[in-house]
Amino acid sequence: SLWMESDKTSNGTMIAHRFASNFQHVAKATARSFSNSTAASAKVAILGAAGGIGQPLSMLCKLSNQIDELSCYDIVGTPGVAADLSHIPSKAKMSGALPHAGSWPPRSNDGLAEALTGADVVVIPAGVPRKPGMTRDDLFNTNASIVKTLMEGVAEHCPGAVIAIISNPVNSTVPIAAEVLKKAGVYDKTKLCGVTTLDVCRANTFVATSQGWDPKDVDVTVIGGHAGITILPLFSQVPGMKVSDEELDALTVRTQFGGDEVVKAKAGAGSATLSMAYAGFLFTENVLKALNGEEGIVQCAYVESDLTDAKYFASPCKFGKNGVEEVKGFGELSAYEKQWFDKMLPDLKKQIQKGEDFVNN
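Take 28 as the starting number for the sequence shown in my numbering and just add one per residue.
Treat the hints as calculated values from the structure; they're not laboratory data.
Quick reminder that beta carbons are idealized off the backbone N, C-alpha and C, glycines included.
Hints are supplied without guarantee of correctness; some may be wrong.
Stated by the list, open to error - Listed next, the in silico DSS-like pairs over lysine-lysine satisfying Cα-Cα at most 25 Å (straight line):
#, residue 1, residue 2
1, 338, 355
2, 158, 293
3, 377, 209
4, 316, 348
5, 243, 355
6, 365, 376
7, 348, 118
8, 377, 365
9, 210, 175
10, 338, 377
11, 377, 216
12, 381, 175
13, 338, 293
14, 355, 370
15, 376, 209
16, 376, 210
17, 370, 381
Said to hold, decoys possible - Quick list of the computed label-pair ranges, beta carbon to beta carbon:
#, residue 1, residue 2, range
18, 301, 176, 24 to 30 Å
19, 368, 388, 25 to 31 Å
20, 267, 140, 48 to 54 Å
21, 107, 361, 46 to 52 Å
22, 179, 106, 21 to 27 Å
23, 104, 216, 30 to 36 Å
24, 267, 325, 18 to 24 Å
25, 162, 102, 31 to 37 Å
26, 113, 365, 49 to 55 Å
27, 267, 368, 21 to 27 Å
28, 365, 176, 35 to 41 Å
29, 334, 104, 36 to 42 Å
Let the hints inform the model, and build the full structure from the sequences given.
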């Protein structure tokens, strides 16, 4: 190891000091890249914080200067996650809550109430991950019940928070969340979003690689839903992009099924967790910037929409002090994209209906 090698040299102490100094420099730069010194006070609750997405997402949020209080909730492990993260020298105050142990007579879930009370943004990555051969829809029964239960808590304890749903299948779990909030009389379409940022991240990455560009200079609009063919990257709108028909098809399908690529590579050990945590963090920090009054925050999100005849649809959305201020259009589609669009809508509408029926039937 580097530390052992440094001990064998005559100037080992100097090398070790230099290593530590470089590490501190990198850590400070990382913290700066995740920060905005003008941020107002904000509380973020992460539900499912001990899971494969939840832990790295919690760490990224702990580094953010937008967040004053970070509450981690899960059925196991969150006191440890919160204690661990609390040692990172950043301003967010940590707390970790578990469900209340069973009692008689039954009483409400104090841990969930504690995590949610006062939250400005609630991020929900809770649920079971995909394994090889599973579609996001195969997760439906387990994750639908989890999201329903957590949303009942949100409706009771922080109905005004912006809610960011990561739990799959997003095409159905967002409608589930909406129906729970409607039943409680607190639904606000400007506050409920499905996080589709990972689809944008993938599209940006794959295009940049294909074209030899810096991914930071690419921003692909991705519309539709967040599963398979319901994901539609609009590569025709990327200025200067030059690809053959075959390359375009390969890039489109890879963006649609990028999650399967990771599930397969992990060989049963999980799904996309690290890239999803990064995407969830980007989404959350943009929401917080907008809530704090920063202008010009536009990002794709899966929201209630009248752009198509699907009740929920992902497209660019302008965020502001109250959540989603405007669901923006997605421009003109190429003939190739129109084929995918027509193919996608029936699937998307079925998945939305399945979510609504879960709560109402």
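Here is what the structure says about each hint:
Between residue 338 and residue 355, the direct Cα distance comes to roughly 15 Å. Compliance with the 25 Å bound is thereby established for this hinted pair. A C-alpha spacing of about 9 Å is found between residue 158 and residue 293, which places the hinted pair at or below 25 Å, so the restraint holds. Between residue 377 and residue 209, the direct Cα distance comes to roughly 20 Å. Compliance with the 25 Å bound is thereby established for this hinted pair. The hinted pair formed by residue 316 and residue 348 meets the criterion: a straight-line CA distance of about 9 Å does not exceed 25 Å.
Annotation: proposed proximity of residue 243 to residue 355 holds, straight-line Cα distance about 22 Å (limit 25 Å). At roughly 17 Å between alpha-carbon atoms, residue 365 and residue 376 fall within 25 Å of each other, so this suggested pair holds. Of the pairs offered as hints, the one joining residue 348 and residue 118 holds, with about 22 Å between alpha carbons and a cut-off of 25 Å not exceeded. For the suggested pair residue 377 and residue 365, the alpha carbons sit about 19 Å apart, so the restraint of at most 25 Å is met.
Straight-line distance between C-alpha atoms of residue 210 and residue 175 comes to about 11 Å, which keeps the hinted pair within the 25 Å bound. Taking the CA atoms of residue 338 and residue 377, the gap is near 11 Å; set against the 25 Å cutoff, the hint holds. Between the alpha carbons of residue 377 and residue 216 the distance comes to roughly 20 Å, so the proposed pair stays at or under 25 Å and holds. Simply put, residue 381 and residue 175 have alpha-carbon atoms about 13 Å apart, close enough for the 25 Å limit, and the pair holds.
As the CA atoms of residue 338 and residue 293 are separated by approximately 34 Å, the hinted pair breaks the 25 Å bound. For the proposed pair residue 355 and residue 370, the alpha carbon gap of about 22 Å is at most 25 Å, so the pair holds. Straight-line distance between C-alpha atoms of residue 376 and residue 209 comes to about 19 Å, which keeps the hinted pair within the 25 Å bound. Taking the CA atoms of residue 376 and residue 210, the gap is about 21 Å. The hint holds against a cut of 25 Å.
Simply put, residue 370 and residue 381 have alpha-carbon atoms about 18 Å apart, close enough for the 25 Å limit, and the pair holds. For residue 301 and residue 176, the hinted distance range of 24 to 30 Å is satisfied, since their beta carbons lie about 26 Å from each other. In this structure, residue 368 and residue 388 meet the distance hint of 25 to 31 Å, their C-beta atoms being roughly 29 Å apart. Checked against the given bound of 48 to 54 Å, the beta carbons of residue 267 and residue 140, roughly 51 Å apart, stay inside it.
The hinted window of 46 to 52 Å between residue 107 and residue 361 holds, with their beta carbons roughly 50 Å apart. Take residue 179 and residue 106: their Cβ atoms lie about 23 Å apart, and the range 21 to 27 Å holds. About 33 Å separates the C-beta atoms of residue 104 and residue 216, a value consistent with the hinted range of 30 to 36 Å. A beta carbon spacing of about 21 Å between residue 267 and residue 325 agrees with the range 18 to 24 Å that was offered as a hint.
For residue 162 paired with residue 102, a C-beta distance near 25 Å fails the hint of 31 to 37 Å. Roughly 51 Å separates the CB atoms of residue 113 and residue 365, a value that falls within the hinted 49 to 55 Å. At about 23 Å, the beta-carbon gap between residue 267 and residue 368 stays in the expected band of 21 to 27 Å. Checked against the given bound of 35 to 41 Å, the beta carbons of residue 365 and residue 176, roughly 40 Å apart, stay inside it.
Separated by about 40 Å at the C-beta atoms, residue 334 and residue 104 satisfy the suggested range of 36 to 42 Å.
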